[in-house]
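There are 2 protein chains.
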Amino acid sequence: MKLTGASLIAGERGRPNGAEFRAVNPEKGELLEPAFISGIIEDVEQAAQSARDASVEFGSIAGRERARFLRTIADGLDAAAGDLVARAALETALPRPRLQGEVKRASNQFRIFAEVLDEGSWVAARIDTALPKRKPQPRPDLRSMLRPIGPVAVFGASNFPIAFSVAGGDTASALAAGNPVIVKAHPAHPGTSEIAGRVICESARTCGLPAGVFSLLFDSGIEIGKALVQHSLICAVGFTGSHTAGRILMNLAAGRPRPIPCFAEMSSTNPVFILPSALAEQREKLAANLFGSVTLGGGQFCTKPGLIFLPHHPQAAGFVSDLRRLTSDSSGFTLLTSGIAANYRDSVQRRSRLDPLNTSIEAAGESACFVTAALFETQVEEFLINEELGHELFGPSSLVIHYRQRKAMIQAAESLEGSLTAAVFGWEEELAQYQDLVRILERKAGRVIFNGIPTGVEVSHAMVHGGPYPATSDSRFTSVGSQAILRFARPICYQGWPENNLPEELRNANPLKIMRVLNGRMTRDPLEA
Amino acid sequence: MKLTGASLIAGERGRPNGAEFRAVNPEKGELLEPAFISGIIEDVEQAAQSARDASVEFGSIAGRERARFLRTIADGLDAAAGDLVARAALETALPRPRLQGEVKRASNQFRIFAEVLDEGSWVAARIDTALPKRKPQPRPDLRSMLRPIGPVAVFGASNFPIAFSVAGGDTASALAAGNPVIVKAHPAHPGTSEIAGRVICESARTCGLPAGVFSLLFDSGIEIGKALVQHSLICAVGFTGSHTAGRILMNLAAGRPRPIPCFAEMSSTNPVFILPSALAEQREKLAANLFGSVTLGGGQFCTKPGLIFLPHHPQAAGFVSDLRRLTSDSSGFTLLTSGIAANYRDSVQRRSRLDPLNTSIEAAGESACFVTAALFETQVEEFLINEELGHELFGPSSLVIHYRQRKAMIQAAESLEGSLTAAVFGWEEELAQYQDLVRILERKAGRVIFNGIPTGVEVSHAMVHGGPYPATSDSRFTSVGSQAILRFARPICYQGWPENNLPEELRNANPLKIMRVLNGRMTRDPLEA
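Chains as they are written, first to last, in this note's numbering: chain A, -4 to 524; chain B, -4 to 524.
Note that these hints are calculated values from the structure, not bench results.
Note that the coordinates shown come from a computational prediction; the quantities given were computed from them, not determined experimentally.
Some hints here could point you the wrong way.
No copy is singled out in the list; a pair is fine if it fits within one copy or between any two copies.
[Stated by the list, open to error] Cut-off 27 Å, straight-line C-alpha distance, at most; resulting in silico cross-link-like pairs (DSSO-like, lysine-lysine):
1) Lys(-3) <-> Lys99
2) Lys280 <-> Lys130
3) Lys280 <-> Lys128
4) Lys280 <-> Lys23
Whenever a hint applies, use it, and build me the whole structure from the sequences.
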């Protein structure tokens, strides 16, 4: 696929008026062709108007037609896998097998939402039948279901250039719910973004949908993204990225004349608690698994285990020396951008100064993006007084927190910020003695894991990839898995509405055979007239 | 019940340190005994700490135990009905039958949530079973369900002193979801608030629950409310009131170091669209019904129809003169507070100046709270250029908007702010020709009504009392009906978690027999081991 470098606005090329920028190969530091053209404010306006115009038709078509659109995109992504992987490898330096996995993950996400739409019950249809003779007031016929929220702005993430970017879970779930999507492409992988964006545009055409259902805007700066979040026709925002950028978008969304929901997935330390039993029994395996999780994708996973709580134990020193050996033996990592690498180096340096016990390895830079792994140690008492140690350090590093007193560990757990995950390693029998810890972790994380590493976020029905702030802006939702669709829908109640004018989901006969709440009872039965 | 005038903090009387204030009888303008004592910041601190301490136990008990608590409150409210109605009548001047209805509505709300908890499926339990042999990666066992979000701050509304106040839907749904609640009492009905608060405290004691599960704070000013929303241990806010106050709370919630969801129900014009068929057939009945809805409770319902779109039609003038006659024949209304009455008079005066066609009736004040109904008319062309006319005017008034061109009416519909409701009156056959209008109204309102008045918000499963801003802060939720519980819960995923440590809802045997999503299929079946 030959890249054009132009934004895609409702199926058309964007204006050639904006500033040019180029992607950078992180391995070699070279600029990549072609030049990409930043959008201008008029592009935002046009994309938003087209999205709004498209939303009436797109929001009203049957779920099975939207499912067809999603499957067409999935097939298109699979067909473009070669192009996507080749370009993403250049733009991100991520290994090809990983990128091939991302394409599969992305197309799988569209397919799982297509299944959800085909099954149909996700709309939470509810019917309370009329009680015309009730005293003192009759009850009218009331029927509610989830409907699309309106055009959604999506910001691609840098760390998953395919599966959390243009054709990622935010786009898939927003389209699944019936909303047009406008993506602000991440400037670190504009070519990958263009390929994915063209797949979606092409799919809309194939399915005969209005072109405004999807737009893709480029910008090397922040103006286009800001204008998008502030545009009056945008009804929700999906974002994955840094805490700083996410909070800016949250504030913009909340500060609008008409505030809108902003789903930002931002910053997570993913604490790990090792119980004495785990240390006694599986010390080496545990160290290897954790180190693998810490450094997966160069430590650029949002679920990287950044804090490891370690009890006083005969095997504790051995466990740390296992981790140390793995750290010093590792050959280093090319991070996604020179900015991420510079931040990582700064943070490692700052943490090294803060913590006299640190065992970080000096980075011998091969390119601006090259870094080495770092391991830090501290005592729980220090952790409790040094807030900085509880913040995410993005990149291949982790912090071991030693404790002697269980009480101090519990206090530290209580002091943690919100996280996407929290993991406990130990025997099942021992877990019963740590119910206080478990109760805390349930409050701190969206996913609590027993004897498993936090990286590897399954795209499934029960997954929760969310968590209290700053892990996400809104702990009530997940951004991965089929429940992600609930972010972009709102309930509407039809009162006394004529049967023939109701959406299929709410009609007496239940033609889609979905699960509904009928006078308080869950059933797929039709409503007897 | 003898009133004490003291805040209730985790079952104990608040400190007697704050400023005193008294309720006012709106009919006579007299101060009512006893004096109520405003809370101080230390009270907020103590209430929040107690709520947090209580949240671990309260959030972990079985749903059926929380249901027992809710039913105990419901019974307590019914038992206190005499006291509640007598005091509320003094504090609000609302008629006793209406207040008796409110007590029933309030206790009914607690009972409907108790039913939801007994049935149990509301937690949206999902199980994806492990696939240990899957390539390239095995899938772990993943199980998710909704859990409590944490302590909730609730602000009582002035216009429903019982059913939307201390023991209103926000408190009922937050407690139902497993969260401790701290209510900031509305200063216009502190005595009614104290009675309801004591019923809830007493019920917690009866059920052996930690006292921190409920607190009630008085304040004649705004400091306590502000401190509550900003307190780090508060996890969500429920509010019903004015757009101005609601937006202040929204901004406070969004501006915290750790932002929290704020569910504010604020301002709604509840537009009504009369199709020619309705005017031809049922002109007089329609005018009477609408006027009744406009003036119900002195026009102080959030669902009051504030905008009436009227086509050019032989019956249009007659319809307006029906409304005029009803307006001038009505004997006036005592509003809830002198502040609301003053605002109403100002707004009526301003609108009278703006609109030369106005037919408002001069208010001959008997007390500071006494006002008369007002009816305004304008042309759609004027409505389109005068933004002010599209804002809520709280009190017994409505605005008739005449149109000749259907296109202008559609344009006006498109220009509307978000509303709780939108209603269409007409023949079923005619509705088919107004699908463009219906599509717009679906985007503008939480509830769309056919041939029915918007006042009268059923407490049921399918009700949606919500809508786009400024009707509410978050159109994805309802504050009335059983779905209101979803505001105060968040999903948690348990990965690889030992069966015995899982909540009952997620265990293999499905002991509660709830509906679950098992590998993508909705079922009440147990999971075969």
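Evaluation of the provided hints:
In the homo-oligomer, the alpha carbons of lysine -3 and lysine 99 lie at most 27 Å apart inside one protomer (22 Å), although the nearest pairing across protomers, at 69 Å, exceeds that limit. In this assembly of identical chains, the alpha carbons of lysine 280 and lysine 130 lie at most 27 Å apart only when taken from different copies (21 Å versus 69 Å within one copy). When the C-alpha separation of lysine 280 and lysine 128 is checked against a cutoff of 27 Å, the pair qualifies only between copies, where the shortest distance is 20 Å, while the shortest distance within a copy is 69 Å. Proximity of lysine 280 to lysine 23 under the C-alpha cut-off of 27 Å is found in neither arrangement, the shortest distances being 35 Å within a copy and 79 Å between copies.
Checked against the numbered hints above, the structure breaks only hint 4 and satisfies the rest.
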